[in-house]
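Enquirer: Here is how the chains run, residue by residue.
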Amino acid sequence: MELKTIHCFLAQPSKGEETQPTIGGAAVPKKGPLFTMLKGVFDKAESECRIDISFNHNANGEQQNDCRDLLIAYITSHKVAVGRSIGVRLQSVTTQKSGLGLFFLMAGSEGQRAKLVLSRFPADQGILAEQKRNSLSVEFLEKVFMKSATAYKSAVYEGRITPSDFWTGRAVDKQINLPGDHVANYWIRDFLASDFTTTPAAGTKRLAVALRAAMSLTSDSEAKAQLAAAVTLASSVAGTVTSVNDFCTRFGFSPETFEAVRKVMKHENLMAEHFQFDVAEFIRHIAFRSIELSNGGILTADASKFSDVFRQESVNDAEKTVRFTTEGKIVDQRLRKVKV
Amino acid sequence: MSSLIDAYYKRHETFLQIIAEKLEFHLKECFSSSPRIDRICARAKSVDRFLQKALKQEDGKRKYSDPLNQIYDQIGARIVTFYASDVPIIAAEVRKYFHPVENQVLVPESENEFGYVGEHFVLLLPTDVIAGIADNGEGGRFFELQIKTLFQHAWAEAEHDLGYKTTAPLTSLQKRKMAFTAAQAWGADQIFDELFREIQTTKS
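Here the protein sequences line up with chains A and B, keeping their order. In terms of the numbering used here, the first sequence opens at residue 8 and continues consecutively. In terms of the numbering used here, the second sequence opens at residue 134 and continues consecutively.
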């Protein structure tokens with residue numbers, strides 16, 4: 008889609024301030040190295056923004072969202088004055104911790120379809136070094152705006168130019184997993200008034216159900232061991248933004264284990280969808296881990312504490328026989344009709 | 134007009150019906166452990182009913198300028214619970230697993246009126262349901278979910294059927310009869326809910 012307009016604004020941190028500082032805005036000419044760099048951001052936005060997001064309804068539960076209204080107004084007008092309102096909105100949620108940022112709005116269209124990319128480049132300090140014939144010139148730069156690998160934020164929306172579209176988009180936020188609600192919520196929740204399209208409970212349930220199904224279906228003992236280890240350690244990813252792919256990678260799944268999980272997913276696309284990991288939801292779906300031995304013994308314990316409850320040692324490596332030991336008081340006994 | 138019918142008919146046959154079936158299955162999976170649910174169902178809005186809604190007038194002009202993209206209940210789902218106090222519990226679960234773009238608790242405007250009640254959501258179709266099925270229309274990205282008690286459900290179904298069958302506006306007596314049935318359903322919900330809570334308290 009052709010990039011038609013770029014506006015940029017210097018967004019200052021002014022969260023909670025009654026009077027918002029005046030925000031300057033300028034159109035970026037459609038030529039030169041800055042345009043080339045921003046065109047790259049615009050063109051690659053879909054692949055760079057990997058989190059599916061959706062606007063929230065307003066406080067009255069109505070199908071209306073202030074941020075979405077501003078974005079639609081900008082998409083339909085391409086006017087710097089409307090863009091400035093979006094910049095003011097960004098300023099009004101920016102704290103000193105997030106700091107000064109250079110904010111770009113990049114809009115394109117093709118027939119009845121439009122695309123809007125919002126990008127925030129955080130301010131940093133830098134040094135300009137230039138090699139001259141016989142010397143090196145260095146200069147301190149106080150405000151350098153960088154597409155930082157650790158603090159860059161962007162969002163992309165694409166849809167038909169109609170008031171009913173643009174409810175969903177995609178975002179990237181390199182600070183989303185940082186501790187502290189403000190930093191993590193600043194871009195998607197506070198500024199864009201949105202949330203993940205897949206809720207924490209829905210995404211976590213999908214992952215838990217897939218791990219459980221993969222464990223039942225695979226006959227590969229190595230895959231079973233990896234799945235069990237991941238379940239035991241899953242609470243370490245509490246609150247972080249992840250996907251089924253990310254989770255499997257994080258816990259070092261082999262290609263075979265990865266495949267076992269992929270096989271039980273309803274669709275390949277679900278592997279990549281991002282969500283916030285919800286430990287309580289995970290435990291709801293994988294509360295217990297069981298091991299069945301060749302002698303008929305079945306050991307069951309809380310999934311996250313299984314390794315603490317049962318100590319495992321190898322008896323004969325060649326025959327793969329193991330011994331489990333545990334110690335405790337008998338608090339209950341059960342008889343079951345079927346093996347669970 | 135015929136292009137609108139054709140477009141909706143095509144979407145209905147190639148997308149909405151398939152999605153409605155998958156959605157019903159998904160909703161049943163999500164709420165299978167919730168107690169006191171009578172039924173969970175999902176349906177694609179029929180071509181006739183879509184057209185009737187698309188042509189709706191408001192203040193002397195068409196309510197929808199782009200009905201294919203503005204009507205968000207092309208897929209409708211309903212969860213029917215036993216008691217009124219179950220509705221907010223189910224609604225909280227809905228918010229937990231789905232992304233709403235609208236959430237309204239419907240109650241008649243005046244204390245002297247009885248009629249359509251329930252908790253309604255417009256929700257994004259989850260990827261679990263739409264993954265791999267292509268449709269580029271905005272109206273096809275959402276579904277309407279209603280949570281109703283058995284009595285609210287029974288009343289709404291009959292009211293909808295009668296409203297759909299009639300060509301002339303209801304007479305004053307017919308309106309009164311309709312309001313009477315709504316009041317009866319409301320009363321039954323109140324009493325059943327009170328009984329349910331009393332018995333629960335006694336048990337515990």
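No wet-lab data here; the hints were simulated from the structure. Note that the structure is a prediction, hence the values are computed from the model and not measured. Ideal Cβ positions, reconstructed from N, Cα and C, are used throughout, including at glycine. Check the hints yourself; a few may be wrong.
[Claimed, not checked] Chain A stretches covered by chain B per the calculated footprint, using a threshold of three residues with CB under 8 Å from any CB of chain B:
1) 29-35
2) 54-65
3) 158-171
Enquirer: Compare the structure with the hints numbered earlier in the document and write down the numbers of the violated ones, lowest to highest.
Expert: 1
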